[in-house]
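2 protein chains.
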Amino acid sequence: MTRTLHLNAFLMGVGHHEAAWRHPRTDPRRVTDVRHFQDLARIAERGTLDSLFLADGLSVGPNPRHNIQAVFEPLTLLASLAAVTEHIGLIATVSTTYNEPFHTARKFASLDHLSGGRVGWNIVTSAQEREAVNFNRDSHPAHADRYRRAAEFVDVAIKLWDSWEDDALVFDTTAGVFANTDRVHEVAHRGPEFQVRGPLNIPRGPQGRPLLVQAGSSPDGIAFAARYAEAVFTAQQTLADGQGFYAELRRQVTAAGRDPDLVKVLPGIAPVIGGTEAEAQALAAELEELIVPDYALAQLSGILGVDLTGLPLDGPLPELPDSGTVQAHQSRYQLVTELARRERLTIRQLIGRLGGGRGHRVVAGTPEQIADQIELWFTQGAADGFNIMPPHLPGGLADFVDHVVPVLRARGLFRSDYTGRTLREHYGLPRPVSAYAASTLVSA
Amino acid sequence: MTRTLHLNAFLMGVGHHEAAWRHPRTDPRRVTDVRHFQDLARIAERGTLDSLFLADGLSVGPNPRHNIQAVFEPLTLLASLAAVTEHIGLIATVSTTYNEPFHTARKFASLDHLSGGRVGWNIVTSAQEREAVNFNRDSHPAHADRYRRAAEFVDVAIKLWDSWEDDALVFDTTAGVFANTDRVHEVAHRGPEFQVRGPLNIPRGPQGRPLLVQAGSSPDGIAFAARYAEAVFTAQQTLADGQGFYAELRRQVTAAGRDPDLVKVLPGIAPVIGGTEAEAQALAAELEELIVPDYALAQLSGILGVDLTGLPLDGPLPELPDSGTVQAHQSRYQLVTELARRERLTIRQLIGRLGGGRGHRVVAGTPEQIADQIELWFTQGAADGFNIMPPHLPGGLADFVDHVVPVLRARGLFRSDYTGRTLREHYGLPRPVSAYAASTLVSA
Chain F
5 MTRTLHLNAF LMGVGHHEAA WRHPRTDPRR VTDVRHFQDL ARIAERGTLD
55 SLFLADGLSV GPNPRHNIQA VFEPLTLLAS LAAVTEHIGL IATVSTTYNE
105 PFHTARKFAS LDHLSGGRVG WNIVTSAQER EAVNFNRDSH PAHADRYRRA
155 AEFVDVAIKL WDSWEDDALV FDTTAGVFAN TDRVHEVAHR GPEFQVRGPL
205 NIPRGPQGRP LLVQAGSSPD GIAFAARYAE AVFTAQQTLA DGQGFYAELR
255 RQVTAAGRDP DLVKVLPGIA PVIGGTEAEA QALAAELEEL IVPDYALAQL
305 SGILGVDLTG LPLDGPLPEL PDSGTVQAHQ SRYQLVTELA RRERLTIRQL
355 IGRLGGGRGH RVVAGTPEQI ADQIELWFTQ GAADGFNIMP PHLPGGLADF
405 VDHVVPVLRA RGLFRSDYTG RTLREHYGLP RPVSAYAAST LVSA
Chain U
5 MTRTLHLNAF LMGVGHHEAA WRHPRTDPRR VTDVRHFQDL ARIAERGTLD
55 SLFLADGLSV GPNPRHNIQA VFEPLTLLAS LAAVTEHIGL IATVSTTYNE
105 PFHTARKFAS LDHLSGGRVG WNIVTSAQER EAVNFNRDSH PAHADRYRRA
155 AEFVDVAIKL WDSWEDDALV FDTTAGVFAN TDRVHEVAHR GPEFQVRGPL
205 NIPRGPQGRP LLVQAGSSPD GIAFAARYAE AVFTAQQTLA DGQGFYAELR
255 RQVTAAGRDP DLVKVLPGIA PVIGGTEAEA QALAAELEEL IVPDYALAQL
305 SGILGVDLTG LPLDGPLPEL PDSGTVQAHQ SRYQLVTELA RRERLTIRQL
355 IGRLGGGRGH RVVAGTPEQI ADQIELWFTQ GAADGFNIMP PHLPGGLADF
405 VDHVVPVLRA RGLFRSDYTG RTLREHYGLP RPVSAYAAST LVSA
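Chains as they are written, first to last, in this note's numbering: chain F, 5 to 448; chain U, 5 to 448.
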């Protein structure tokens with residue numbers, strides 16, 4: 005079978021560019037309007053994209069005065085979008101640091117039923133002190149501790165999804181037997197972080213388990229992905245970095261005893277699309293012009309975990325510690341500091357480079373040029389697909405779907421119609437069997 | 005203004021009668037089918053009902069072999085129903101014992117935006133040991149402790165909803181000011197149960213705060229309702245009990261310094277509807293005949309907190325302790341034990357009486373007879389409306405909407421069209437002002 009691209013629409017307010025809301029192509033009032041997101045979902049589905057995706061954080065951003073990119077809670081928004089779409093996958097971010105596995109497993113199972121098997125979970129560990137203080141804590145747990153908790157959290161969630169075998173519901177009205185409880189299992193988990201008896205209070209969803217997605221590219225993050233992830237969102241600025249990450253992830257997946265072809269790697273790309281290259285460059289320049297430096301500095305300070313307020317914009321970044329000591333966005337920290345060093349950027353230049361995608365790769369050009377970049381990374385061992393981050397919404401997504409997707413289809417790189425119904429089918433991934441299937445465990 | 009009824013559709017799988025799934029009028033396979041619930045929502049909206057409501061528990065029921073009445077997680081299901089309805093209110097149950105106020109406040113605010121101001125929160129404290137063991141606990145906290153936590157939980161949630169004043173979003177593209185942060189407030193809550201800095205990460209919803217609903221009728225529950233609730237679901241078997249509860253609740257609401265006309269009391273009613281009284285009685289008998297005693301005993305044991313397994317069905321209930329010592333469903337315990345004593349019921353008779361509504365009042369009759377009962381309680385100081393619990397679904401709800409609602413309309417007791425857009429407007433309740441409005445607090 006020919007290998008084909010997987011494309012995910014990363015939805016973010018009225019655009020990924022931090023100044024998109026100020027640009028005449030957007031209406032910032034739509035950030036709280038569900039119809040905006042329904043429009044986006046329909047556009048993405050019109051493009052036969054694999055999935056759409058919502059990031060998440062558990063606090064207001066560092067500087068809400070100048071922008072609030074995400075407003076809706078992902079699971080409720082995706083449930084609403086499930087009702088107005090038929091095929092597209094729906095990936096929600098949920099933190100393992102400030103949630104409980106029973107609630108999380110249950111909500112994803114509920115969404116999987118609601119959507120007919122289209123849900124995925126982007127597993128994150130949260131990164132900000134300002135999130136911790138909303139959840140009874142004075143400080144944010146350390147990076148390694150968060151990943152330890154995340155692993156146990158996902159272990160429990162998998163047990164809970166599996167706790168109802170696929171054939172548990174029998175509906176025997178004559179005998180009065182609704183469920184075969186020999187196929188429903190207590191999970192009886194007792195670990196350092198969690199004690200959960202189970203079973204889950206919702207039967208197994210159409211996909212068995214949601215698609216598991218992961219997005220951190222630190223050493224802890226890659227190790228976690230190697231063990232659990234079926235799709236990986238990553239930020240890579242250069243083809244060489246993309247190839248390096250791709251190879252390293254596959255190496256670790258193989259070492260973890262899994263088939264690397266069953267883990268899809270999707271770097272982020274923010275396509276700034278114009279009818280000509282000059283038009284695309286002009287749009288990029290317009291957006292950069294609208295950046296509010298105070299906001300951009302607050303964002304950058306958040307990524308680096310260092311307060312940059314008051315530093316001269318036309319000077320360099322200050323000396324910063326090694327990434328291994330960073331407790332927040334460890335891989336993003338490394339990417340940003342390397343970018344600044346490699347290209348000898350001033351702070352002003354750096355925030356201009358980051359405004360379009362918070363460290364993700366920005367490509368401005370014609371539809372053909374953008375398709376060229378996608379094809380290059382896809383064929384040169386740097387990507388199985390892309391996480392599409394339109395700078396402005398809905399227009400930037402519509403441009404991608406209406407002008408870039410047809411080029412990719414014409415090149416035989418992307419589907420013209422959905423052939424599957426579930427998110428796993430779109431990504432070409434198998435439906436997991438319950439770990440309890442054919443077991444001899446005592447029923448719940 | 006004429007006082008009119010408020011009617012809520014309490015949705016529960018394929019029916020409130022515990023044996024509904026065995027009856028030919030239902031298809032039990034629809035319990036995991038979102039289209040079933042979308043159909044129910046559309047039927048309720050066709051009947052211009054105020055709202056629909058989902059109960060919740062955080063474990064599988066006591067005996068899933070013979071029935072699982074609720075499957076979907078309420079917030080995700082309601083988000084999906086919001087997308088296919090326009091007017092009807094959407095009330096979700098969420099426990100304060102096993103959740104965090106930041107998550108809960110946020111999800112309800114998200115749903116309020118998603119639904120255009122149609123969301124309500126049924127605040128519960130959970131009641132079962134089998135829920136505790138799914139959340140890192142060996143035992144369930146005591147009744148009074150749960151209510152103490154619930155009060156602080158709601159206090160925090162209200163602060164979070166209020167943390168964005170209504171005029172906080174300004175979208176000044178020229179100046180680059182997205183939000184007026186003088187109108188966004190840290191809540192800085194530090195209490196015995198919760199430390200939450202805030203502000204919430206979603207602006208204030210169309211209703212300001214969701215409608216607050218409460219459903220426990222124990223002394224702790226009534227005191228809680230008097231302080232917080234805007235609508236109260238209750239189970240009362242006789243007109244006298246209904247009048248007593250109604251008067252007592254209003255007395256306590258007044259004592260708490262609130263206007264009792266702004267707290268709507270809705271007793272549950274399970275209407276078994278027939279073209280003639282005999283047809284209705286026959287349907288009730290058919291349903292009772294299908295009860296699985298093992299399941300009913302497990303349910304009753306759960307309500308009473310006493311294991312009744314193995315007791316002779318044709319004997320009486322055993323001696324039971326006073327309700328004040330009960331740690332689970334305190335008011336329901338009292339109702340059930342009084343019912344059994346008053347009518348000298350055997351266990352078999354008692355489970356037959358409870359099968360239709362778990363302690364709620366079952367009324368079998370013609371549409372006119374059911375309307376008569378509704379009118380009687382409404383005009384005689386026992387109810388502001390009703391929580392409608394159809395024995396089988398969707399048919400029982402369609403019968404109510406198509407046959408009982410027209411009678412209530414003809415009598416001038418119920419609306420013929422929606423006149424408002426939000427749930428608060430349907431219930432005739434004001435939109436709360438943010439506690440921070442016009443305050444001089446320092447911005448976040």
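Hints in this document: simulated from the structure, not taken from any laboratory. Some hints here could point you the wrong way.
[Said to hold, decoys possible] Partial pick of chain F residues on the chain U-facing surface, computed with a CB cut under 10 Å:
id, residue
1, A86
2, Q199
3, A289
Glycine residues also receive a C-beta, built at the ideal position from the N, C-alpha and C atoms.
Against the structure, the hints:
1. Among the interface hints, the one on A86 (chain F) holds; its C-beta lies about 6 Å from the nearest C-beta in chain U, closer than the 10 Å criterion.
2. At its closest, the beta carbon of Q199 (chain F) sits 5 Å from a beta carbon of chain U; the interface hint therefore holds under the 10 Å criterion.
3. Residue-level restraint check for A289 (chain F) is violated (minimum Cβ-Cβ distance to chain U is 17 Å; threshold 10 Å).
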